[in-house]
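> Going down the list, the protein sequences come from chains Z and P.
Numbered according to the working numbering, the first sequence spans residues 267 to 384.
Numbered according to the working numbering, the second sequence spans residues 731 to 844.
Source of the hints: derived by calculation from the structure; they are not laboratory data.
Heads up, none of these hints are tricks.
Here are the simulated lysine-lysine pairs, BS3-like style, with alpha carbons at most 25 Å apart:
| no. | chain 1 | residue 1 | chain 2 | residue 2 |
| --- | --- | --- | --- | --- |
| 1 | P | K791 | Z | K307 |
| 2 | Z | K307 | P | K779 |
| 3 | Z | K286 | Z | K330 |
| 4 | P | K791 | P | K779 |
| 5 | Z | K332 | Z | K307 |
| 6 | Z | K321 | Z | K332 |
Since this is a predicted model, take the numbers as computed values, not measurements.
Each chain is listed here by its residues.
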Amino acid sequence: GAVVSQHPSRVICKSGTSVKIECRSLDFQATTMFWYRQFPKQSLMLMATSNEGSKATYEQGVEKDKFLINHASLTLSTLTVTSAHPEDSSFYICSAKAGGGEVFGEAFFGQGTRLTVV
Amino acid sequence: AQSVTQPDIHITVSEGASLELRCNYSYGATPYLFWYVQSPGQGLQLLLKYFSGDTLVQGIKGFEAEFKRSQSSFNLRKPSVHWSDAAEYFCAVGAPGSARQLTFGSGTQLTVLP
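Work out the full structure: start from the sequences and follow the hints.
Rendered as structure tokens:
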């Protein structure tokens with residue numbers, strides 16, 4: 267199957283700093299990428315959907331100025347957590363799917379990033 | 731809007747025993763259905779998916795799932811569980827014709843006893 271690589275796998279940062287997480291599709295072009303957040307023992311909650319070359323669409327309740335998403339190419343999307351605080355500590359997972367439009371395609375998941383804000 | 735319910739938060743089975751993980755969905759028509767597995771600190775791996783056709787779907791690692799429209803269910807099964815199957819399992823639903831992403835259930839944690 268297709269491979270999605272997420273980097274870093276773990277990051278610890280100080281409160282008030284910004285952290286960038288990368289999501290790359292290694293062997294296919296991902297027109298759409300998704301960012302999820304997962305709290306311990308809970309399911310994945312969709313944060314935003316990004317399409318290459320356009321602004322991301324954020325889910326209700328997700329602060330777009332805090333969670334900056336850039337999908338500058340067909341193989342790379344980045345999530346930047348700005349001015350991070352301890353409550354932003356979580357497991358962030360990206361997924362990517364090929365194709366676009368209204369055709370539902372299979373999405374492939376990255377291995378996740380564990381963010382700890384101290 | 732679609733929703734997914736996984737009634738069992740935690741299931742424990744002995745190695746070699748059979749397994750069934752429950753999943754119920756809510757959607758106005760036939761959705762796209764998925765089962766994913768997540769090992770600790772890892773991303774999600776697709777086990778199997780149902781889009782249309784045969785309601786019994788075979789997946790990887792010996793898993794299968796059956797779509798039952800009358801019960802709005804998509805239960806995951808495995809005839810003989812291995813210790814390496816211990817993980818978190820998520821059922822997910824996607825709306826056909828929609829570019830939006832999946833809606834996930836709350837997950838079922840599987841523990842396998844030796």
